[in-house]
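Enquirer: Residues per chain are reported as follows:
Number of protein chains: 2
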Amino acid sequence: MNDQQFFVKMILDNWQGQINAMSIALGKLSDEQLMNEISPERNRGIYLLGHLVAVHDLMLPLLRFEEVVYPDLQPIFVDAPDRAFESIPPAEILRAQWSAINERLLTHFNTLPIADWFTRHANVSDEDFAKEPKRNRLNVVIGRTSHLTYHRGQLILLT
Amino acid sequence: MNDQQFFVKMILDNWQGQINAMSIALGKLSDEQLMNEISPERNRGIYLLGHLVAVHDLMLPLLRFEEVVYPDLQPIFVDAPDRAFESIPPAEILRAQWSAINERLLTHFNTLPIADWFTRHANVSDEDFAKEPKRNRLNVVIGRTSHLTYHRGQLILLT
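Chains as they are written, first to last, in my numbering: chain A, 1 to 159; chain B, 1 to 159.
Hints are supplied without guarantee of correctness; some may be wrong.
Copies of the same chain are indistinguishable here, so a pair counts whether it falls within one copy or spans any two.
Pairs of lysine-lysine residues, derived as DSSO-like cross-links and limited to a Cα-Cα distance of at most 30 Å, are as follows [claimed, not checked]: (1) K131 to K9; (2) K9 to K134; (3) K28 to K9; (4) K28 to K131.
It is worth saying that the hints were derived from the structure and are not from the lab.
The following block holds chain A by itself, in its conformation from the complex (with noise of 0.2 Å):
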């Protein structure tokens, strides 16, 4: 293994901890307790599940892999507030989606050549990308672990 795999192994390693540590917080909530707030006047559980879906689906495009695999969720979990729309997607369908975006996710880092992880991602162009190479496909991958652990922080709380 050359450097570049390694570093590329530890980064995909630990997404894919936090991908199964969200996935068991998820598996220990009901659907009737995901209908509940983190905290009085917060998101709900589903916003937060729904929200990551999104955030994960535009990861697709962002890594420059495909086009997003469901565009309805975007206008509902990330342009909009929890509670913007009277009718979401029921748990069951998110909890089903979670599992299938973050499966065809791993199925492209498996394939991407390694050496195209440290090219660009598709928001940065290609001269702002030859002053900052640190804006590549990997550093999206770093971002989006934190975000989901963040997230996770709070679903846990309806435990």
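Got chain A sorted already, so can you dock chain B onto it with the hints?
Expert: Just chain B now, with coordinates in the frame of chain A:
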């Protein structure tokens, strides 16, 4: 900048970004707000602050830099749950320690030779490290960044 330097920079920049985000969040909370629970019957903000100071202090020996600076914090904020002790340090002191411990870590981070980041941390033996080279000092920073972000997601509920 070689591959190792670049990778270490990616990880340390992410750490520092999360430290800054937490410092900003703390700056928006009064000492009185820190005495509130993040959610009914959950940890108080001040416990989370003390917990983070103590855990970051423990990174000093874990990263094989030096002994802990605040040995009195660990029994209160790591070994025991919130409210186990009647008397705990005031928010003013913990805020100063939060800044000081992160500054101290940063000084060590900036002087550690790059190759040494890929050597074992204190809680892994030479034998186990030979089998699992991922258990290096840099991985401690990756893990503690997640830990910090997890609790920032909770502390933010006090605002």
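Enquirer: Please sort K28 with K9 into within, between, both or neither, judging by C-alpha distance up to 30 Å.
Expert: within (29 Å within a copy, 37 Å between copies)
Enquirer: Using 30 Å as the alpha carbon limit, work out where K131 and K9 are close: within a copy, between copies, both or neither.
Expert: Cα proximity of K131 and K9: in one copy and across copies (25 Å, 15 Å).
Enquirer: At most 30 Å between CA atoms: does that hold for K28 and K131 within a copy, between copies, both, or neither?
Expert: neither (45 Å within a copy, 33 Å between copies)
Enquirer: One pair to classify: K9 and K134, alpha carbons no more than 30 Å apart. Within, between, both, or neither?
Expert: both (17 Å within a copy, 9 Å between copies)
Hint compliance for this structure: hint 4 is the single one not met.
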